[in-house]
Every structure is written in structure tokens, then in C-alpha cells.
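K.L.:
As given, the protein sequences belong to chains A, B and C, one line each in that order.
The first sequence begins at 7 in the working numbering and counts up one residue at a time.
The second sequence begins at 60 in the working numbering and counts up one residue at a time.
The third sequence begins at 205 in the working numbering and counts up one residue at a time.
Certain hints may be false.
[Stated by the list, open to error] Listed next, the stretches of chain C that the computed footprint assigns to chain B, with coverage defined by at least 3 CB atoms under 8 Å from CB atoms of chain B:
# : stretch
1 : 377 to 388
2 : 487 to 497
3 : 568 to 579
[What the hints assert, rightly or not] With a straight-line cut-off of 30 Å between C-alpha atoms, the simulated DSBU-like cross-links for lysine-lysine are:
#  : chain 1 : residue 1 : chain 2 : residue 2
4  : C       : K486      : C       : K512
5  : C       : K593      : C       : K460
6  : A       : K294      : A       : K342
7  : C       : K593      : A       : K21
8  : C       : K460      : A       : K88
9  : A       : K350      : C       : K512
10 : A       : K332      : C       : K339
11 : C       : K598      : C       : K460
12 : C       : K460      : A       : K332
13 : C       : K555      : C       : K598
14 : C       : K219      : A       : K150
Worth flagging that the hints you see were computed from the coordinates, not collected in a lab.
Idealized CB from N, CA, C, for every residue including glycine.
Below are the chains, spelled out letter by letter.
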Amino acid sequence: MAIPELLALHETIAKCNRCGFCQAGCPVFRVTGEEHSLSRGRLAVARGLMLGQLELTAEVVRALDDCLLCRGCTAHCFPALKTDEIVTTIRHAYLNRQGQPMWQRVLFRSVLADSTRLEWAARLAVWAKRTGLATLAEKTGALKLADARLQGVNDLVPALPEMIFRRGERTLGAAPAKAKARIGYFASCGLSFQFPEVVEATLRVLGRAGCSITVLNNTCCGRPAHAYGDFEAARDIARRNVERLAPAAGYDAIVSECGSCSAHLKEYGTLLKDDPAHAERAAALAGKVRSLSEFLVGIGAIGSSGRVEGSVTYHDPCHLSNRFSKITAQPRQLLKAIPGLGYKELPEADWCCGAAGSYTFLHRSEAQGVLDRKMGNVERTGAAILATECPACMMHLAYGARRRGLSIQVRHVSQLLDAALG
Amino acid sequence: MLPEAGGLTRRLSEVVGDEHLLSGPAAGFAVDGAAPSLVVRPGTQEQVQAVATACAQVGAAIAPWGGGTAVGLGNPPTRLDVVLCLDRLTRIVEFDPANLVVSAEAGVRLADLQQVLAAEREFLPLDPARMDRRTLGGAIATNASGPSRLLYGTARDLVLGLRVVLPSGERVRCGGKVIKNVSGYDMNKVFIGSLGTLGIITEVTFKLLPAPASRATLAGVFADLPQAAAVLQRTLGSFLLPEAMELLDPQALAAVASDLGLEGSAGYGMAISLAGSQETVARQVRDFTSLLTEGTALRTSTLGAEASPAAWRKIRDLPDRAIGADRVVVKIGVPISRTAAFLAAAETLGRRHGWRGAIAAHAASGVVRAAYATGAGAPEVVRDAVEALRREAEAAEGSLVVEAAPPTLKRHLDAWGKTGEAFAVMRRLKAQFDPRGLMNPGRFLGGI
Amino acid sequence: MRPALTTDLRQIVGKANVLDAAVDLQLYSYDAYLEERRPDAVVFAHSTDEVAGIVRACNTHGVPFVPRGGGTNLSGGTIPVKGGVVIEMIRMNRILEVDLPNLRARVQPGLFNLELGNALAPLGYQYLPDPASQKAATLGGNVAENSGGPHCFKYGVTTNHVLGLTVVLPDGEVARIGGKAPDTPGYDLTGAFVGSEGTLGICTEVVVRIVRLAEGVKTLLAIYDRIEAGSETVSAIVSAGMVPATLEMMDQPVIKAVEESIHCGLPVDCATVLIIEVDGLKDDLERQAQEIADLCRAHGAREVRVAKDDAERAALWAGRRGAFGAVARITPSYLVCDGTVPRTALPAVLKQVAEVGRKYDLQIPNVFHAGDGNLHPLILFDWRNEEQKARVMKAGMEILETCVAVGGTISGEHGVGIEKMGAMRLVFGEPEIEVQRKLKRAFDPKDLANPGKMFPAPQEVRHAA
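Taking the hints into account, I'd like the entire structure generated from these sequences.
P.N.:
Okay, structure coming up:
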């Protein structure tokens with residue numbers, strides 16, 4: 007039985023020569039040692055589906071479940087196959103036939119699709135945490151009613167902020183007339199709900215760099231929906247953002263300091279290329295998107311008057327690595343330019359940390375193994391500060407440091423830049 | 060007594076001709092004191108095959124024979140009817156200098172082969188003792204090696220192919236003519252060191268090296284062993300790439316001191332062979348001289364390219380030539396870091412029993428060879444002494460092998476020691492190749 | 205399915221470490237070759253004891269077993285053609301001991317070759333056999349195939365650096381053979397085991413030789429308009445008494461593909477490039493490089509590039525490193541051939557390879573180890589095209605026939621496996637195959653260890669399946 011959703015990927019699937027070199031870069035495979043955890047294995051599942059040797063059953067799709075979508079494989083793959091695209095497409099095909107879990111349906115098609123609903127959901131989570139309800143839900147096993155694999159949620163997220171960062175149209179920073187650049191700030195879910203202090207730091211840094219910043223009223227970028235195979239929801243979310251943020255296409259840049267958001271936004275043109283009503287605006291929007299470091303280096307805002315004492319090492323979020331949006335030089339450049347901060351290169355800096363968005367909540371054992379490898383490398387640098395540019399990474403790395411009893415401080419690059427503002 | 064001896068004699072005479080068939084007892088081809096009934100000297104590989112077939116037909120036990128330089132290796136044979144001497148198989152079958160490969164028959168002497176190769180400025184880096192007499196087949200069957208194993212390895216690293224006559228009379232090829240060869244099993248490894256217990260090697264194909272542009276020898280004398288061992292340590296941790304590093308006890312040194320330019324000096328000797336380009340040899344001469352001097356050598360000497368070969372010819376023949384006939388020779392193999400310790404242990408053994416002894420070690424390879432004049436010592440005493448030293452070696456994850464002993468002592472000694480954890484496989488291997496036990500029966504490990 | 209066997213296996217390694225669901229069996233039915241066959245079960249082993257227990261269970265149930273590491277085998281060595289149990293060794297991946305004073309290391313077989321190198325380099329040491337697949341191939345696989353790599357001409361192959369093994373024999377007995385000390389008495393079972401393609405048992409520990417990193421290395425790249433000229437240069441280098449550590453060549457189709465994919469500055473109209481490395485003591489490397497450069501030019505090199513530092517060295521290697529990747533973009537699949545010939549026969553053989561390509565209407569770019577004569581014609585095709593695949597297999601066989609005809613052999617480093625079973629009779633007569641069967645019977649009288657590999661069937665058809 008042919009799977010029409012896979013048709014466009016047939017040539018890609020056919021290109022896997024089974025050489026097995028993906029073993030060198032697949033973090034999950036390096037934890038489990040199991041073929042289904044490896045890109046070659048995932049390509050074999052795809053080939054089986056393509057040839058009709060395998061049926062699209064829950065068991066088969068489950069074999070693909072533990073993919074981080076990090077493209078660690080792609081870097082070692084001779085034909086440079088993007089396994090993540092194949093995995094999400096198969097998830098998409100399965101979802102089309104078998105439906106999706108209730109929590110996904112609610113999350114992707116309702117909550118994430120609208121910024122107001124999104125913020126209320128976040129406030130609910132904050133309240134649940136503060137009242138201890140979140141802990142109770144986990145302890146009693148209530149959380150598992152949503153998904154049986156949910157585990158360790160409260161350990162991974164030990165606290166939520168008192169106040170989330172509120173998105174919505176307002177302008178900060180330099181006066182637009184005198185500004186070096188007019189930018190739209192795209193608020194990421196992860197940062198605005200879990201690390202609003204990072205958002206504040208980012209806005210200060212951008213302001214001091216002479217920018218006029220309009221805080222956009224965006225909703226979720228839509229990446230999580232895409233990752234779980236809900237392509238329709240992802241496109242719907244993208245359309246909503248395109249419509250909401252249409253005016254921002256006139257700005258000099260649309261900046262997000264979450265690597266996953268900025269990388270996904272840059273794909274909006276591709277995502278909506280078959281939608282005549284939105285294609286052009288999507289591409290225009292995508293063309294304006296910059297990650298924070300990318301933007302700052304682009305306008306020459308390197309170096310500072312203040313100092314930050316200590317030593318820092320940098321973890322490349324997957325979506326900023328050379329496997330996705332290729333923003334690797336700029337964060338390092340910015341960090342090295344901070345007086346007083348000694349820079350140490352992290353071995354395997356661009357290996358996934360294991361968070362992979364919500365992956366770590368649903369695949370605790372694999373994510374832990376991946377994180378252990380990362381933290382081993384981190385510990386060996388002896389650095390006092392671990393910098394990165396993604397909230398999921400921040401959460402996971404901080405968790406890793408706590409578990410190991412390390413005193414290393416996990417910071418977003420913007421926080422270090424903010425501290426150096428002097 | 061060989062049944063059907065008359066029939067076999069006739070048959071062998073038909074194959075090789077009367078002039079190449081000798082009556083055993085008179086011919087001087089005894090193995091550990093046991094004389095064969097017949098000594099046959101085939102002239103071609105086909106004749107070897109015919110001889111083996113004929114012997115197989117009557118169930119005659121065969122001992123292959125090369126140059127007779129390592130006949131003492133192993134246990135005395137439990138049966139010996141025919142010595143099959145390969146010394147007439149002296150053809151250089153194919154020498155391909157452009158591809159650094161040579162195929163030669165088993166009876167070619169190592170020294171003769173080296174001469175042929177030297178004409179094209181190439182060499183085979185295999186340098187056991189008595190190269191003037193030692194044959195290719197014998198060297199491979201006994202896994203003979205010399206000091207330069209340090210840089211170039213041993214037979215298993217140099218043999219690309221073999222032709223073998225099996226006990227059944229079949230002729231087979233193993234390996235080939237190329238370095239990279241994983242077509243099927245590496246049968247070369249099965250026959251190397253198998254002491255003729257699985258078949259008769261009739262031709263060997265080796266990989267070669269270009270002859271080095273320059274050579275030199277450094278030698279030093281030390282008052283005590285730990286000083287010499289320290290120099291060895293420092294060498295191992297360095298970038299230096301000596302071709303050979305020999306460690307000699309005072310007796311062994313005495314035998315070669317003048318050849319090394321150290322006449323009159325006594326103590327522990329270290330001889331280092333350097334080979335390569337002018338630049339690297341000169342640098343290593345400098346570095347090793349410093350090492351020896353800093354290591355408080357009492358005296359050092361340097362030999363150039365002309366004098367080195369002669370010195371090493373003598374060194375290679377140690378320790379055996381330092382001790383007379385009727386000597387007991389043992390070879391100890393231990394992890395590299397224990398070499399000096401076992402040289403000392405071998406020395407102590409000789410002293411304790413009042414035996415004149417000489418010891419030479421391939422210092423950075425973990426090989427110690429000791430020769431003793433045990434004189435009229437009672438066999439049990441010799442046996443117990445050898446076993447004690449063997450136990451020490453085996454406790455260090457190593458081994459001790461008896462390479463030679465007078466026949467009266469030999470039959471009291473276990474030549475090989477521990478049979479190891481895969482002996483059942485070795486037994487089955489022997490049974491597969493030689494189900495009737497006709498090839499050198501009893502001489503190998505565990506009495507195989 | 206075999207419920208009784210599965211029960212026994214679960215008892216030994218735990219339920220989670222035994223896989224027998226259909227999708228899992230499918231995922232262990234292949235390696236990097238072109239066939240598939242599902243096993244009856246897949247078991248993850250974590251220790252010598254577990255491996256011994258699994259093998260004993262296989263004996264009890266009369267079921268074959270196939271050891272597997274990274275599954276990067278190119279000749280089908282890890283495909284369970286007779287079903288049975290795949291014993292996955294990849295989790296046994298620790299370095300047990302690095303013993304610098306004795307120049308030895310003890311490792312588990314599931315360790316990636318590159319990881320051993322990475323662990324030794326900071327200490328100033330190396331394990332010399334470094335096949336191109338080293339980041340995805342395990343030591344156990346290297347042992348099974350007697351793997352080679354680009355340094356064999358000077359430094360030998362895996363068997364020259366493996367000095368001891370712990371082996372689980374096909375009857376489940378555990379034996380340590382060889383070891384840290386030289387010249388273990390008895391038959392060289394370690395030497396027989398290396399390259400035995402998993403048909404004599406499973407190694408669970410490997411004792412390897414480690415050596416000091418070379419003091420220096422010098423890299424050159426020479427560009428030629430005739431392949432013969434490159435090969436003649438190699439001969440001249442050897443005649444001049446030099447033994448380079450690496451001599452890699454690639455032909456025009458590969459170079460063109462490489463330039464198109466990674467733009468590393470190679471001319472697409474040249475016939476071949478030759479990459480040469482000399483290493484060892486620093487004192488003569490400059491002079492050797494100079495001499496080699498002169499020899500290259502004397503033999504018609506249109507350009508010679510000499511690396512001045514590590515960055516330049518990496519640049520010279522970039523093309524060769526990107527070769528397989530570049531070729532992989534042309535067609536979905538490629539068959540990596542693995543014949544070896546006497547070095548001087550390379551130019552003639554390459555001409556014949558091109559002929560084979562024309563005869564079967566296939567593109568065949570070539571990468572080859574110019575020092576040791578091991579060539580890798582890469583036959584490009586689409587595996588979905590059965591008819592084309594059949595032509596590929598015929599072409600592969602003809603290339604092997606060519607190699608044998610000039611005095612070479614059918615496999616230099618990838619092993620016989622399934623792929624070359626039919627070609628064994630090109631190099632071996634029945635007596636040669638029978639002696640190999642003797643070795644097999646000595647280890648594995650019941651033929652449980654990776655059966656259906658290496659040995660041609662009595663009436664094997666010339667063209668591989």
C-alpha cells in the first residue's frame with residue numbers, strides 16, 4: 007500500500023546506501039546502540055514503508071519515536087540525507103490515518119495557534135507549579151493520563167517564573183527616528199514562559215545597540231507541531247503569524263534569541279510555498295529573520311564597555327548549528343569580545359543536548375544518556391559559565407549541571423552581553 | 060621400525076634418485092638423538108609432493124629438515140621414520156623488485172636470498188641466527204626471528220604467501236603476492252610456526268623493503284642492569300625508531316665486545332642498530348649517544364655502515380655461540396616492560412646452579428634468550444630449574460620455550476609449557492590436517 | 205519465531221535485550237552490502253559471559269549466530285543469511301586498559317576504531333590500522349575482516365597489530381589466545397582468527413599493539429594527465445628507497461564529482477591526483493618531500509602541492525575525504541569493489557575497469573590505495589533497478605577476474621562475506637578451499653558461527669546472487 011505522503015521523499019530514501027557512517031554523529035544511537043535509534047535504521051523503516059514491506063502501524067512508527075531530529079547524522083552522511091524530514095513525514099502520514107493524542111490536538115491546533123490562549127496556558131502552568139499542583143499531578147500519576155511516557159517533568163523544570171513575559175505590540179529601545187535599526191522582537195514560548203529574565207536581557211542589549219524594538223504579538227512559531235508530524239497545524243500557525251506579523255516585514259530585521267524559533271521562521275517561505283495567499287509574504291518574513299547573535303554581529307555590535315569575569319564555554323543549539331541555520335561563528339565572536347571572559351571551546355559543541363524541545367519529557371532514558379555525554383564534555387572544559395542560545399537547551403543543561411552537582415552557571419548569550427553592558 | 064620399509068625406499072628412490080636417498084643412521088640427520096630410517100632430498104616441489112604421498116601410503120612419520128639450525132626446537136619426536144630434507148629446493152621462483160615481492164623455494168638459505176635482493180637494493184628484514192645456513196622453509200616453520208623484529212616484525216608480518224605439501228600429499232597455495240589479502244582465511248598464519256606438524260612448506264612469498272641508505276651501530280657498556288634498563292625505558296617513550304636494541308649479559312657481551320669496538324670492557328652491553336636515511340641515522344646516533352652517556356654507560360662506541368653488518372652477524376648468533384656444544388637454550392617471551400627483569404632472572408638461574416651462561420635479549424620486544432652449559436647436571440635438576448623459570452614467565456603472562464638441549468636432557472624437558480585455553484582447537488586443527496599423526500608427531504605444544 | 209530459544213536468551217541478558225518483533229528483525233537483516241535476510245532474534249551482549257551464554261543457547265537449540273558491531277560490512281558479513289541469532293556487540297565498547305610501558309591496549313570489540321585513536325592521541329600514541337570507515341566501524345569488525353586502510357603499505361593491516369584475543373568459541377567455551385607477550389607457543393590461532401569474518405567464533409576482547417605517534421608528517425598532492433604517470437611515480441618513489449605512509453589516488457570521474465560537491469580546488473580535466481604522505485623522524489621529511497616532488501614532476505605531474513602546515517594538509521586531503529560523499533550524490537547506490545593487484549599492474553587494470561564499465565553501460569569511478577595495489581572501483585547504480593543491479597554484479601565479478609589475472613586477489617580489505625563467495629574459485633582450487641574448511645572444522649564443527657559465508661557452495665554459479 008503506497009503512502010502518498012512519502013512520495014516526494016522516495017528519491018531521498020533510495021539514497022541511503024546503508025554505509026552506517028551516521029553512527030558517528032547520532033547521539034541517541036550512541037546511547038542505546040539499537041539500530042532503530044540510528045538514522046540508517048530509520049531510513050530502513052522508510053524504505054520498508056516505501057516498498058510495502060512494512061505497514062504503517064503503531065509499532066513501526068514507534069521505532070522512529072526516539073529521533074532527536076538533530077541531523078547529527080546528516081553531517082556524516084555521504085548523500086547528506088536529512089533524516090528529520092523523513093521521520094516527521096512518516097509521523098505526518100501516521101497521524102493522517104490514525105489521528106493524534108488528545109494533548110497534541112489541543113496543543114497544536116488550539117493553544118499554540120493563538121497568542122492569547124498561549125499565554126493563558128502558560129499562566130496556568132505557572133500557577134500549577136506555584137501551588138504544587140504540578141508536582142502532585144506527577145506524583146499521583148495523573149500526568150501520565152496525558153501521555154504514558156511523561157516522566158521527570160518537575161525535575162527538569164524545577165521552577166517557573168512569577169510572571170511570564172507578556173507579548174503584544176509595544177515599542178522599546180531607541181527612538182525609531184534615531185535608531186540604528188528597527189526590529190521586530192519575536193517572543194519564543196520557551197524563553198517568555200520559562201526564562202523571561204533572558205527576554206528582558208535581550209531587549210536591553212538590543213536597546214543599547216541602538217535598536218528600536220517592537221515586541222510583536224506573535225504566537226508559537228509552530229515548530230513543535232511540525233516535529234510531531236502535524237504539518238497542517240504547523241502551516242496554520244505559520245499562516246497566522248504571517249498575517250499577524252505582515253507589517254514587521256517592513257522592519258530591518260525580525261529577531262529571536264531562541265535558535266529553534268529563528269531557524270523555523272526562516273523556513274516559513276518553504277513551509278507555505280504551496281499556499282498562494284501566503285507564499286510571498288511568508289518568504290518576505292522569513293527573509294527578515296535573524297537570530298540574536300547573527301543580528302548583533304551583522305550590525306557590528308561586538309564588544310562592550312563592561313566586564314564579565316570568568317570562563318565560558320558555548321553549546322551550539324542544533325537549530326543554530328551548521329546542520330540548520332549555520333549561526334556558529336557569531337555567538338563565539340560575541341563571547342570572545344567580552345572583556346574578562348575567558349573562552350574555552352566545548353568538545354562536540356554542536357552535539358544535541360538531548361532536550362529536543364519536548365523530547366526529553368517523553369524519552370527520559372535516551373535524553374538522559376544524550377545529556378550525560380554533553381555534560382561530560384562540559385565538565386572537562388572546567389568553564390564556570392555554559393552559554394547557549396535556546397531555552398530548551400538552557401533547561402536541559404541546567405538540569406544536567408544540577409544532577410552532577412556542578413557549580414557551572416547556564417546562561418543565555420544575551421544575559422552575558424547584558425551583564426557586560428556596564 | 061617402519062613397516063614396508065623396503066617398498067618405501069624403492070618408491071622414494073624412483074622419485075628422487077638413489078643419490079638423494081640416504082640411509083638414516085649414518086647420515087647425521089638425528090632429531091634430539093633419534094635417527095630416521097631414511098633421509099630423502101627431493102629436488103623439486105613436485106618431488107616433495109611425491110615423497111609425502113609415498114610416505115603417507117605406508118604411514119611413515121616425517122620430519123621436514125631445512126638447514127638444521129633449529130632442529131632442537133620442540134620435544135623429541137615420538138616417531139621418526141623419514142627426514143625430508145628441503146635443501147635442494149633452491150630456486151628463486153620470482154623476484155619482482157618493482158613490487159617489492161619475492162617468491163623462493165623453501166631450501167634457499169636466508170643469506171643467499173639477501174644477496175639476490177641486495178643486487179636490486181632491497182632486503183628481507185628477517186635476521187635470525189645462522190643466516191648462512193638457515194633456510195626459508197625452516198625459518199617460517201619455526202617462526203625464527205632476530206633483533207630487527209623490533210622495527211620490522213616477524214614472519215607473520217613478512218610472509219604474503221606459501222606453497223605447502225599436506226600430509227595427504229595434496230599441494231596447496233596460501234595467501235598470494237599482495238599485501239592486502241583477505242580472500243578467505245589467512246592460512247599463512249596457520250602454517251607459520253607450526254613446526255612442520257601440519258604440512259611441508261615448499262615455497263615462501265615475502266614482502267620486501269628498499270635497502271636503507273645508511274646504517275650505524277651504537278654500543279654501550281653498563282656496570283649494572285638497571286642502568287641499561289633505564290635507557291631502554293627512555294627509548295620506548297621517545298620518537299626514536301631503532302632497528303634493533305639488544306641487551307647482553309656480561310658473558311654475551313664478552314663474546315662480541317671487540318666486534319662492537321668495546322674490547323676490554325666488561326659489564327652489561329647494549330647494542331643498537333640504526334637504519335634509514337642519512338639524516339635520521341645521524342640524528343639517532345646523536346640521540347642514542349646522549350641517552351647512553353646520560354644513562355651512565357661506562358663506555359660507548361659507534362660503528363659505521365661498513366663495520367655494522369659484521370658486528371650484527373655476531374650479535375645475532377648470541378647467546379648460543381658464547382656457550383659450547385651440549386648447551387641448553389631457552390627463549391623467554393614476556394611483556395616488553397619485563398625484559399630486563401627476566402634477563403636478570405635468567406642470570407640468577409645460571410649462577411644458582413653454577414652453570415656458565417650467556418643471555419641476549421631483544422630488549423624492546425620482550426624476548427630473552429639464554430644459553431647454559433649445564434654440564435653433567437642431573438636431568439631432574441635442569442628440568443626443575445627450567446620449570447621454575449617458566450613458571451615465573453607464565454606468571455608474567457609470558458612463556459618459556461626450550462630451543463635446544465642435549466638429547467639426554469631433552470627427553471626430560473617439556474619444550475613448550477602451558478598449552479593454553481584453546482588447546483582443544485589446536486588438537487582439532489592437527490587432527491584435521493594430519494589425522495594419522497605422521498608429521499613431526501609429539502614435537503609440538505602439548506605433545507601434538 | 206523460536207519461543208524456547210527466545211526464553212533462554214531472555215534469561216541470559218534480560219527481556220529488554222532480546223528483540224524479536226518484526227520491525228526489529230527487519231532492522232537487523234542488512235549491513236552495508238546489498239542483501240537482506242531477517243534473523244530469528246537479536247540479542248544485545250554486554251560481557252564475555254553473556255556472549256558465552258548466548259552461544260551456548262544457540263548450540264542447545266542448533267541455531268546459528270552472527271556477531272555484529274556497527275554493521276558497516278561491505279560484503280554481507282553481518283547479514284544472517286541462515287537466520288539464527290544476531291549477537292549485537294556494540295554495547296561492549298570500553299577501553300579496558302592502556303598499557304604504555306608494554307605498548308599494548310586491551311579493548312572491547314564494540315569500540316569504534318576512531319574512538320581508540322582519539323583516546324590514545326592525547327597520550328602521544330596511536331593504533332595504526334585506521335580504515336576510512338573508522339568512525340563507524342568497530343575493532344571487532346576490524347578483527348573479523350582484517351581491515352586495512354590508507355597506511356597499509358608502510359604499516360601493515362589489522363593482523364599485524366592484533367596480538368591477542370579473548371574468544372568465545374562456537375561451542376560456547378571461552379579462550380584467551382595470544383596476549384601481551386610475544387611468540388605464544390602453539391599455533392597462531394590469533395592470526396587465524398583475524399580475518400575469519402565471524403565464522404570461527406566471537407572475540408570479546410582484543411589486545412592490540414600501540415605505538416608512538418610519528419614525530420612528523422609531510423603531505424603532498426600531485427596532479428597528472430595520465431594515470432600511468434601517477435603509478436610510475438609511486439614506483440620511482442619506492443625505487444628511491446622511500447616508503448611513504450600513504451599513497452592514495454583517485455581518477456578523473458571522482459575528481460570531477462568531488463569538485464562539483466565541495467570545490468576543493470582540483471582541476472576537473474586531469475586524469476588523476478596522487479596524495480602522498482611521508483612520516484617518521486623529522487630530520488629527513490623535508491628532503492623526502494622535496495625528492496618526491498621532484499620525482500612527481502619528472503614523471504609528468506602538471507602540478508605538485510606541498511602542505512606547509514596542518515591547515516594545508518587538511519586542504520590537500522579534503523578531496524580524497526570527500527570522494528565517497530561526492531560519488532554518492534550521483535546515483536542512489538554504489539557497489540564498492542575491493543580487488544588487489546600488484547602495484548605496477550594498476551594502470552592496466554584501471555583501463556580494463558573502464559572497459560568493463562563501457563561493456564555493461566555503467567559509470568565506474570575509482571579510488572585506490574596506490575601503494576599496496578588495493579583498488580576500489582565504485583560501480584554507480586540505482587538499487588531499485590533490478591536489471592541494472594544484475595549488470596553491476598556481473599561487472600563486479602569481471603573486475604575481480606581481471607585482478608586475479610594479473611596476479612592479484614579478490615579482496616583486499618572488505619572480506620568475502622556473501623558478495624565474493626562465487627569469486628573464491630577464481631583464486632582457489634578445491635584443495636585450497638578444503639584446507640580452509642579444515643580450519644573451519646577445527647573451530648566450528650557444527651557450522652553455527654556465521655554460516656553461509658565465505659565458502660562457495662559446491663556448484664556455485666560464477667555470478668554472485
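K.L.:
Hint by hint, say whether it matches the structure.
P.N.:
So, going through the hints one by one against the coordinates:
By the rule of at least three residues with a Cβ nearer than 8 Å to a Cβ of chain B, the coverage given for the stretch 377 to 388 of chain C holds, with 11 such residues. Note: the stretch 487 to 497 of chain C has 4 residues with beta-carbon separation from chain B under 8 Å; the three-residue rule is met and the coverage holds. Note: the stretch 568 to 579 of chain C has 4 residues with beta-carbon separation from chain B under 8 Å; the three-residue rule is met and the coverage holds. Using a Cα cut-off of 30 Å, the hinted pair C/K486 and C/K512 holds, with the two alpha carbons roughly 14 Å apart.
A threshold of 30 Å between alpha carbons decides the hint, and for C/K593 with C/K460 the separation of about 24 Å falls inside it, so the pair holds. Between A/K294 and A/K342 the alpha-carbon distance is near 26 Å, which keeps this suggested pair within the 30 Å criterion. The straight-line distance between the Cα atoms of C/K593 and A/K21 is roughly 15 Å, inside the 30 Å bound, and the hint therefore holds. Note on C/K460 and A/K88: the hinted pairing holds, with a Cα-Cα distance of about 24 Å set against a maximum of 30 Å.
At roughly 27 Å between alpha-carbon atoms, A/K350 and C/K512 fall within 30 Å of each other, so this suggested pair holds. In summary, the hint linking A/K332 to C/K339 is supported, as the alpha carbons are separated by about 24 Å, within the 30 Å threshold. For the given pair, C/K598 sits about 26 Å from C/K460 by alpha-carbon distance, which is consistent with the 30 Å threshold. Distance hint between C/K460 and A/K332 is fulfilled; the C-alpha atoms sit about 27 Å from each other, no more than 30 Å.
Distance check on the hinted pair: C/K555 and C/K598 sit about 17 Å apart at the alpha-carbon level, within 30 Å; holds. This hinted pair checks out: C/K219 and A/K150 have alpha carbons roughly 24 Å apart, not beyond 30 Å.
The structure agrees with every numbered hint stated previously.
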